[in-house]
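**Q** Protein chains in written order, with the working numbering: chain A, 1 to 227; chain B, 228 to 764.
Keep in mind that the hints were calculated from the coordinates and are not lab data. Fair warning: this is a prediction, and the values are worked out from it, not measured in the lab. Heads up, the beta-carbon is just placed ideally off N, CA and C, and yes, glycines get one too. It cannot be assumed that every hint is accurate.
Cβ pair distances, simulated, as ranges [unchecked claim]:
| hint | chain 1 | residue 1 | chain 2 | residue 2 | range |
| --- | --- | --- | --- | --- | --- |
| 1 | A | 84 | B | 523 | 24 to 32 Å |
| 2 | A | 109 | B | 568 | 49 to 57 Å |
| 3 | A | 72 | B | 553 | 41 to 49 Å |
Here are some, though not all, of the chain B residues that point toward chain A, as calculated from beta-carbon distances under 10 Å [to be verified]:
| hint | residue |
| --- | --- |
| 4 | 600 |
| 5 | 602 |
| 6 | 603 |
| 7 | 652 |
Chain by chain, the residues:
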Amino acid sequence: MNDVSDRILLVEDDEKLGSQISRHLSDRGFDVTWRKDGDAALEEDPERYRLVVLDLMLPGTYGMDVLKSYRRAHDVPVLILSARNETSDKVRALELGADDYLTKPFWPEELVARVQARLRRPVLQRSDVIRVGGLEIRESAREVVVEGEPVSLTRVEFDLLLALARRPGVAVERTWLAERVLDPERPGTERTLDVHVSRLRKKLGACGSLVRTVWSIGYRLDTEAAS
Amino acid sequence: MSLRTRLALTILLTAIPLAAGLVWLRAHTRRLAQERSLHDLVVTVMQAGGREMCEAFPDMFSGGHALFGPGSLRVENVRSVESGEEMEGLEEALQGLEGGEALGKVLERMKGLQGKEGRVTGFLPGPGRPPSSQSSVSFSGLIRPEPPPEHHFALWAYRADLSGASTVAPPIPVRIRVKLDAGDATASEVFERRGTSVLRMGIRMPWADGPCAVMVAERALPPSDDDPMILWGLAILCGGVLLAVFLAAGPMVRRIRRLKADVKRSAASRYESPARIEGRDEIADLARTFNEAAEEVRAHVAAVEEREETLRRFVADTTHDVMTPLTVLQGHLSAIRERTLSGEAVDPAEVRSSLEEAHYMGSLIHNLDAVAKLEAASKDLTNGGIDLAALVVRVVERHRPIARTRGIDVEFTVPEAPVEAAGDVTLLEQAVSNVVHNAVRYNEDGGHVSVLLESDGDRFVLRVLDDGPGVPPESLPMLAERRFRSTEARTRRKDGRGIGLAIAKDVAERHGLTLTFANLDPHGLEARFEGPRLGAG
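Same shape as in the complex, but just chain B:
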């Protein structure tokens, strides 16, 4: 769903119940006002002499057609029972009379009308007069101006127990009776009669005795012709708000679209081009946040690419470097097989060389792995406590089998108490292994290699001694100082002391150790790792 649709829907969903509530509230208020108006009217009428009239002629308050105008009393439909002739004389007789005199006249006339068919259907006090006094009732005679419709009402009289005051009074409608029975002072309902809404009210009078203690009044409600106007107003208001939202959302939607296009372009350019930042609002924040995220993605991608490149190079280097010794090994194995097939004795030198090539390959792969780790891990190396005695035993055991084929003894000594150093055990083991491997490899057959771990206070010394030919004195510093590059790892050097020792040196330095070399008397080489013990007491 688009932003605009969502906004419009939200507004409609909010506005429609709100409008409905307003319409209902208005109708309710009107109804309350109408009820109050009818109630006041009936009470006023009854207090202003209606009670006496009603109690005197309850039959005449039993429904019928009532017409009241302001300040007027009309007695109509008064007919002679015998002749059915309308007695117009009554109107004339009342003309010009006022106050109690008029009322007395009416009462007298009505007494005279008893037994005849006819009704008094209502009366009204004069405008502005207090309704309590009979004398305030003014009759302007029985002229018949067309009265405003809201003054049409009909009255029926009932006793306090809701029984009809006269035989002609109809039973009180159920809904009203129930409420009055429950003790309510008023009860109302609205019903339709001949297309007109009629309000019907039952009203308990301020007195509880006599035949006119409860009055039921009916009055036609004016048609609610203004409701469509209200609805139209609301509809126009909603439309206006919708339009305003659409207009206000326009620029926002456009900016979001621009931002989307920017983000797409940025993604396509590997997050090189940033998104435009317009203004200072939330959309600008979004653009800024995206740019920051893009920055991180770029850094991450760069790191991944670098690692990938290192890995790719490592795989290529390893492949290249392993191929040569592997080819030599294949050659040896092939020659051994041919000799065996032709019944010749296997050449021990060839077997030995095969073992050495295999050993060399293993060591080479570990070294290339170490180079890749050292190049990639410019940061901290895995740091843990390394059991140096165990490390020495592992290294010696690794090289013993290959040394044994050449009659070289590889021995070691470690102190009884454990000696620990901090660092990456894989790399440090590879460093020591490289030194031992070199000592074995460049020794004479039947020679010796010894690894001595000694600890003195808070430092340890790990020495690798051999009784091989040693190194020309002028090469010694170079041996110790040579730095390696990854390309050097690939070179299978004639002197061989290159890459392995260079890695050992680099690993030692990264661990805060020193690695030095010295020639031995009368011949041989000593490699010496020296550094701090971990947690030494």
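Bound-form chain A, shown alone:
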């Protein structure tokens, strides 16, 4: 799912943590360059990377200074790592132009999720065509194509799919969907919504499993099929 050419600059002075992070990111297909102190980090050209993971506590140049120096000319996303869970540090880092921060200790999955969230290209919600997984949703034509085959959906089913597809990967509340998707003229409840969802899944065939039920919340359109 990741672009193999996704280059990430990691600035971390701790050998073990650095090699761990480097390995985890490499396993996810990132091309990681690891610098072990602030001075070496200052020599890097941030323009060459899609994202920087920066530890604040560095020998040599302090992490905030590295951040300041990067921000002087570039807007590459910077994810801050900090052992100090201090609000003032976070506020300062964000003011200096950091995009996100992660407090130690963190799980490798947490870091990867945060990196991926930063790199995810925003879905162009106003574009006419939304592509999620094997789905292609043409909004103005109100057409849905599943792996090349057009599928015929009812109005409610189409609106339901469109509402989910506008925020792929994000759970949407059942009440919110019911209010906006169901016909206000006809008596309908959240149960009615569930019925529409199960019909929609069937019609989408192989892509039906992308429409996931989320406990106590509602539904979510996954960007890839569950493994």
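Using the hints provided, position chain B relative to the given structure of chain A.
**A** Below, chain B without anything else, positioned relative to chain A:
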């Protein structure tokens, strides 16, 4: 340098130039008075018949030894050129003569003396008489009373172009000539002759014609015997002032020393004992200012000590609390290694427990940190806008890895539009994290946890739902109401819902939020944060 030394030095440095200035001023004034006196004398003499005499016998005004007494004319050193005999007869002949008659007699006699060696060296009008008229000149004869020294003077006559009126007149001394040449009416200098200071003046007469238009006069200056007296007076004055300053400085110096001792004692007693305040002057102000400063230092030290104590306790608590899960973790890791070495399969439960212990330690340290912050920050918390959706995502992502090991799904939903609340992001995130952690920890394997952020107008609701066993209804109010003390942070409770939720509750209240708990149907727990949105439209 001590205060007294500084005062004395200052006085001396001021007094010495002042005294020198006074002495110089006095000398200058005296010199001016002497110049004026000699000038007036010469002008008077010349106007009272001296001019005629001089013009008639310029040779006789060519220096020499002059002796004048008040109201007297003396012609002396008149000698016969041939015999060198002093002509005493002149004196007798003049005796008893007065006014113009006497002058005429003198002039006649002098004519008779021409060609002989001798000089008329000076004359003086009578006291109180106007000097302009010849008739006012009175001669009391050639008796020789010892004249007062200030009336000794010698005269030389010169023309307006400063050439000598007679062949015997010496050239005018350079310094005087220069000034007269420059057009000055008078010029003067003082020089030493045989141990005596002599004032020499060149004076232009009120007339510019004739051989006696410029007169040079010399007169011995009286010795300035009163100068040492002046110096003594000044020295005594300086000494007196010095003594007065020393006496006046004494009490001040003593009070400053006392204040110094007080300050030292106060510093030694950690600023508990104040400095004495005596009087109402600057030294009293100093003492008062020191006491105020001491007060501030005490308050500051107290605050620092309190923070230090909090920190010390935090470090001790953290050390203690982390040791137990760390020991469990070490045990697990050791067991895993032994199994691996002996070729046995690793027990997944043991790995899972290790992960949980590690996660617990991280959460524990953050919680102890939060407790320390809440205890220390009795004042305002850092207040900024918090992006609640981002906060929810961070919290969910933090707990997902550990939940996944037990097959628990952690899901969330946030509105598309941003929702902000005011507060300290670290503490609020820890509060939400504690609630989510509890929901994961006390859920069954394969259970669910959902975090829902909803916003309605100017308020937001953040709910954490789980489908775990919930809480006995009678414990619910306690769960919500329990207050924590720092000692409770150390207790690793069996039910575990203690400290984390208590911190969450405290943080919520400090942010003006409510945190309530309710059981769900059929089973599970709902924790509900509710509060105002920031800048909601």
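**Q** Now tell me, hint by hint, if it's right for this structure.
**A** Hint by hint, here is what the structure shows:
1. A:84 x B:523: 24 to 32 Å: This hint holds: roughly 30 Å between Cβ atoms.
2. A:109 x B:568: 49 to 57 Å: Since residue 109 (chain A) and residue 568 (chain B) have Cβ atoms about 28 Å apart, the given range 49 to 57 Å is violated.
3. A:72 x B:553: 41 to 49 Å: Between residue 72 (chain A) and residue 553 (chain B), where Cβ atoms are some 43 Å apart, the hint holds.
4. 600: Holds - the Cβ of residue 600 (chain B) comes within 10 Å of chain A, reaching about 9 Å at its closest.
5. 602: violated, 16 Å
6. 603: violated, 13 Å
7. 652: holds, 6 Å
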